[in-house]
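So the sequence shown is numbered by our numbering: it starts at 88 and just counts up by one.
Any given hint might turn out to be false.
Cut-off 27 Å, straight-line C-alpha distance, at most; resulting in silico cross-link-like pairs (DSS-like, lysine-lysine) [said to hold, decoys possible]:
1. Lys208 with Lys357
2. Lys208 with Lys150
3. Lys309 with Lys98
4. Lys391 with Lys309
5. Lys391 with Lys157
6. Lys357 with Lys391
7. Lys109 with Lys150
8. Lys357 with Lys98
9. Lys109 with Lys357
10. Lys157 with Lys209
11. Lys89 with Lys109
12. Lys391 with Lys89
13. Lys104 with Lys89
14. Lys208 with Lys157
15. Lys104 with Lys309
16. Lys209 with Lys357
17. Lys157 with Lys89
18. Lys109 with Lys98
Label pairs and their computed distance ranges (CB to CB) [as the list claims (entries may be wrong)]:
19. Lys104 with Leu415: 14 to 22 Å
20. Gln128 with Gly255: 50 to 58 Å
21. Pro146 with Thr220: 53 to 61 Å
22. Ser332 with Thr198: 41 to 49 Å
23. Glu270 with Thr361: 49 to 57 Å
It is worth saying that the hints were derived from the structure and are not from the lab.
C-beta atoms are modelled at their ideal positions from N, C-alpha and C, and glycine is treated no differently.
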Amino acid sequence: MKILMYNSVDKEIPYVKDWESKTGHEVTTVLEPLSTDNVDQAQGFDAVTTQQTTDVPAPIYQKLASYGIKQIALRQVGYDVFDLPAAFSSHIRLSNVAAYSPRAIAEYTLTQLFNILRNNKKFDRAMATGDYTWAAGGQAREIYQLTVAVIGVGRIGTAFAQMLHALGAKVLAVDPVYHAQNEAFLEYTTLDDALSRANVISFHTPLNDETQGLADQAFFDKIQPGTIMLNMARGGIVDMGALESALLSGQLYGAAFDVTPNETEFMDQKQAVTDLPANIQRLIQLDNFYLSPHIAFYTNTAIKNMVEIALNDAVTMVNGGHTENEILR
Numbered sequence: 088m089k090i091l092m093y094n095s096v097d098k099e100i101p102y103v104k105d106w107e108s109k110t111g112h113e114v115t116t117v118l119e120p121l122s123t124d125n126v127d128q129a130q131g132f133d134a135v136t137t138q139q140t141t142d143v144p145a146p147i148y149q150k151l152a153s154y155g156i157k158q159i160a161l162r163q164v165g166y167d168v169f170d171l172p173a174a175f176s177s178h179i180r181l182s183n184v185a186a187y188s189p190r191a192i193a194e195y196t197l198t199q200l201f202n203i204l205r206n207n208k209k210f211d212r213a214m215a216t217g218d219y220t221w222a223a224g225g226q227a228r229e230i231y232q233l234t235v236a237v238i239g240v241g242r243i244g245t246a247f248a249q250m251l252h253a254l255g256a257k258v259l260a261v262d263p264v265y266h267a268q269n270e271a272f273l274e275y276t277t278l279d280d281a282l283s284r285a286n287v288i289s290f291h292t293p294l295n296d297e298t299q300g301l302a303d304q305a306f307f308d309k310i311q312p313g314t315i316m317l318n319m320a321r322g323g324i325v326d327m328g329a330l331e332s333a334l335l336s337g338q339l340y341g342a343a344f345d346v347t348p349n350e351t352e353f354m355d356q357k358q359a360v361t362d363l364p365a366n367i368q369r370l371i372q373l374d375n376f377y378l379s380p381h382i383a384f385y386t387n388t389a390i391k392n393m394v395e396i397a398l399n400d401a402v403t404m405v406n407g408g409h410t411e412n413e414i415l416r
């Protein structure tokens with residue numbers, strides 16, 4: 088079988104080669120994400136896979152179907168890039184990698200929480216000017232003193248909640264799906280109750296109609312002054328204007344984001360700071376805001392699993408088989 092792999096990165100190639108050796112299938116890599124400009128490259132292939140934050144619009148599914156391609160295997164969790172009605176009307180099957188390494192993102196979220204608690208950005212900036220005083224960063228808090236609201240308790244949110252519980256924090260969970268086994272390390276509650284009690288809010292939800300713009304001004308009005316916010320999920324969950332105001336006013340003590348609504352304008356690119364979107368330029372100047380380039384997932388385990396699971400699912404779907412990662416609605 089011949090598979091075209093869009094938006095490939097160097098770190099994926101060794102795992103691709105290993106998979107080819109094990110399976111006997113052939114994978115051709117493309118550096119750019121799947122788009123209307125390069126969908127024609129899929130002609131002559133049996134399957135396609137991609138990982139990207141840019142949308143996959145309706146004409147692409149029609150083109151793929153005309154080439155005899157029956158699926159798209161996405162090498163990531165979030166599948167908001169897909170136009171589901173357009174894909175299904177063209178009889179294109181879709182899959183994602185729902186669990187390539189929940190711990191990778193959970194560990195990174197915890198890392199950024201510790202950075203905020205320990206005021207590391209303030210200390211780093213002060214030390215760069217020769218200021219090695221304690222006052223430069225300020226006194227920290229310890230994690231066992233915190234109540235953390237985990238919004239979205241799927242695989243990643245559950246892994247994060249378990250880590251927090253092990254470290255002594257109290258964990259509040261907000262999710263429409265209840266899992267009784269999670270009661271050992273968290274307390275399920277409503278969103279409003281969690282916002283009123285939490286010192287930390289961490290998002291681990293997909294981006295959909297229910298979560299788009301969830302953290303709007305009304306949301307921020309409900310949180311405790313001095314709350315910490317973490318978003319390693321999807322940029323569209325948070326109103327960035329409301330976030331910026333909350334950081335400046337002290338309503339938020341600090342925030343760490345691995346995603347933004349406008350990230351396709353600058354992430355995974357090299358450019359002058361002055362060319363960044365205006366709101367990003369302002370935010371990264373703040374001592375209490377941490378921004379990373381959508382790398383929470385980026386570990387050796389995650390990359391290996393993203394490649395192998397997506398390629399296996401591509402083969403399965405082309406052959407008419409079933410995979411638990413298929414997106415059905």
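Status of the hints after comparison with the structure:
1. Lys208 with Lys357: This hinted pair holds, its Cα atoms lying about 22 Å apart.
2. Lys208 with Lys150: 48 Å, violated
3. Lys309 with Lys98: 42 Å, violated
4. Lys391 with Lys309: Answer violated: Lys391 to Lys309 is near 41 Å, above 27 Å.
5. Lys391 with Lys157: 24 Å, holds
6. Lys357 with Lys391: Holds: Lys357 and Lys391 sit about 25 Å apart, inside 27 Å.
7. Lys109 with Lys150: 31 Å, violated
8. Lys357 with Lys98: Roughly 18 Å between the alpha carbons, so the hint for Lys357 and Lys98 holds.
9. Lys109 with Lys357: 36 Å, violated
10. Lys157 with Lys209: 52 Å, violated
11. Lys89 with Lys109: 14 Å, holds
12. Lys391 with Lys89: 20 Å, holds
13. Lys104 with Lys89: Given that 27 Å is the threshold and the Cα spacing comes to 13 Å, the pair holds.
14. Lys208 with Lys157: Measuring from Cα to Cα gives roughly 48 Å; hence the hint is violated.
15. Lys104 with Lys309: Status violated; Cα separation ~51 Å.
16. Lys209 with Lys357: The given pair, whose Cα atoms are some 25 Å apart, holds under the 27 Å limit.
17. Lys157 with Lys89: 13 Å, holds
18. Lys109 with Lys98: 18 Å, holds
19. Lys104 with Leu415: 14 to 22 Å: Cβ of Lys104 to Cβ of Leu415: about 32 Å, so the range 14 to 22 Å is violated.
20. Gln128 with Gly255: 50 to 58 Å: 52 Å, holds
21. Pro146 with Thr220: 53 to 61 Å: Given about 59 Å between the Cβ atoms, the range holds.
22. Ser332 with Thr198: 41 to 49 Å: Violated: the Cβ-Cβ distance is about 26 Å, outside 41 to 49 Å.
23. Glu270 with Thr361: 49 to 57 Å: 50 Å Cβ-Cβ, so the 49 to 57 Å window holds.
Comparing the model with each earlier hint shows violations of hints 2, 3, 4, 7, 9, 10, 14, 15, 19, 22; every other hint is respected.
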